[in-house]
Amino acid sequence: MITAKPLPEKVFTTAALGISRKTHEEHYKLYEGYVKKVNEITDKLAKMGTPDFTKANATYSDLRELKVELSFAIGGVKNHELYFNHIGGKGGAPTGEIAELIKTAFGSYDNWKADLKATGIAARGWVWLAHDYTDGSLFNYIGDSQNTYPVWHATPLLGLDVYEHAYYFDFQTGRAKYIDAFFNVIDWDAVNANLAVAKAVAGAAKV
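In the numbering used here, the protein residues as written are 1 to 207.
Treat the hints with care, since some could be wrong.
To be verified - Pairs of lysine-lysine, DSSO-like flavour, derived with a Cα cap of 27 Å:
1) LYS10 <-> LYS47
2) LYS10 <-> LYS67
3) LYS78 <-> LYS113
To be verified - Ranges of calculated distance between the beta carbons of each label pair, as one might list FRET restraints:
4) SER20 <-> ALA99: 44 to 50 Å
5) LYS55 <-> ALA16: 51 to 57 Å
6) ALA46 <-> ASP144: 29 to 35 Å
7) LYS103 <-> THR42: 17 to 23 Å
8) GLU26 <-> MET1: 41 to 47 Å
9) HIS153 <-> LYS113: 21 to 27 Å
By construction, these hints were calculated from the structure, which means they are not laboratory data. Given the structure is predicted, the values throughout are model-derived calculations rather than measurements. Backbone N, C-alpha and C define an ideal beta-carbon position, used for all residues, glycine too.
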């Protein structure tokens, strides 16, 4: 069983910058729904016992349905935990090590912003700034669904939710305006903490 993590109080500081308390509260309810579904599906799999491979089928089978939907629900949990963790900061240009890596990968913070915004407009669900284990580089990539990842040997450091539920209440169809507001509320300390974890994992993977 997993439990929902509390919504950090810092996220509610974003109202003056365009992302309202109401949006965060409704968004959090969706996250809680994913937590509930992870537990429901995990329970069903446990009750199924050892799967009978003769009943498994790639077109449709109970096992396939549960496994696919479990990955979607877990993705919904992990993606939103990442998102809420770095919302509520002062935004603006990054500080710390992430600033240097962004400059190396994209040339400048403004270039990274332009790339992330364009990627966010092109995406159907999520955009992630990820750290590549193998060479330490950063890149922005699209996830059109909760479970259209991972990119192997990479760790998401920052997630931008571009599903309509993340912004419609405040911006209606104005996704570009939502993304502009997102840049103003990034907590770069949280992103740097994620980078430290990613580098530790990368180091362990090379042992």
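Hint check results:
With a CA separation close to 40 Å, the supplied pair LYS10 and LYS47 exceeds the 27 Å bound. This hinted pair does not check out: LYS10 and LYS67 have alpha carbons roughly 35 Å apart, beyond 27 Å. Between the alpha carbons of LYS78 and LYS113 the distance comes to roughly 23 Å, so the proposed pair stays at or under 27 Å and holds. The supplied range of 44 to 50 Å is broken by SER20 and ALA99, whose beta-carbon atoms lie about 29 Å from each other.
Checking the proposed 51 to 57 Å range against LYS55 and ALA16 shows it holds: the Cβ atoms sit about 55 Å from each other. Here the CB-CB span from ALA46 to ASP144 is close to 30 Å, well matched to the stated 29 to 35 Å. The hinted window of 17 to 23 Å between LYS103 and THR42 is violated, with their beta carbons roughly 42 Å apart. Range check, GLU26 to MET1: Cβ separation about 24 Å, and the 41 to 47 Å hint is violated.
For HIS153 and LYS113, the hinted distance range of 21 to 27 Å is satisfied, since their beta carbons lie about 25 Å from each other.
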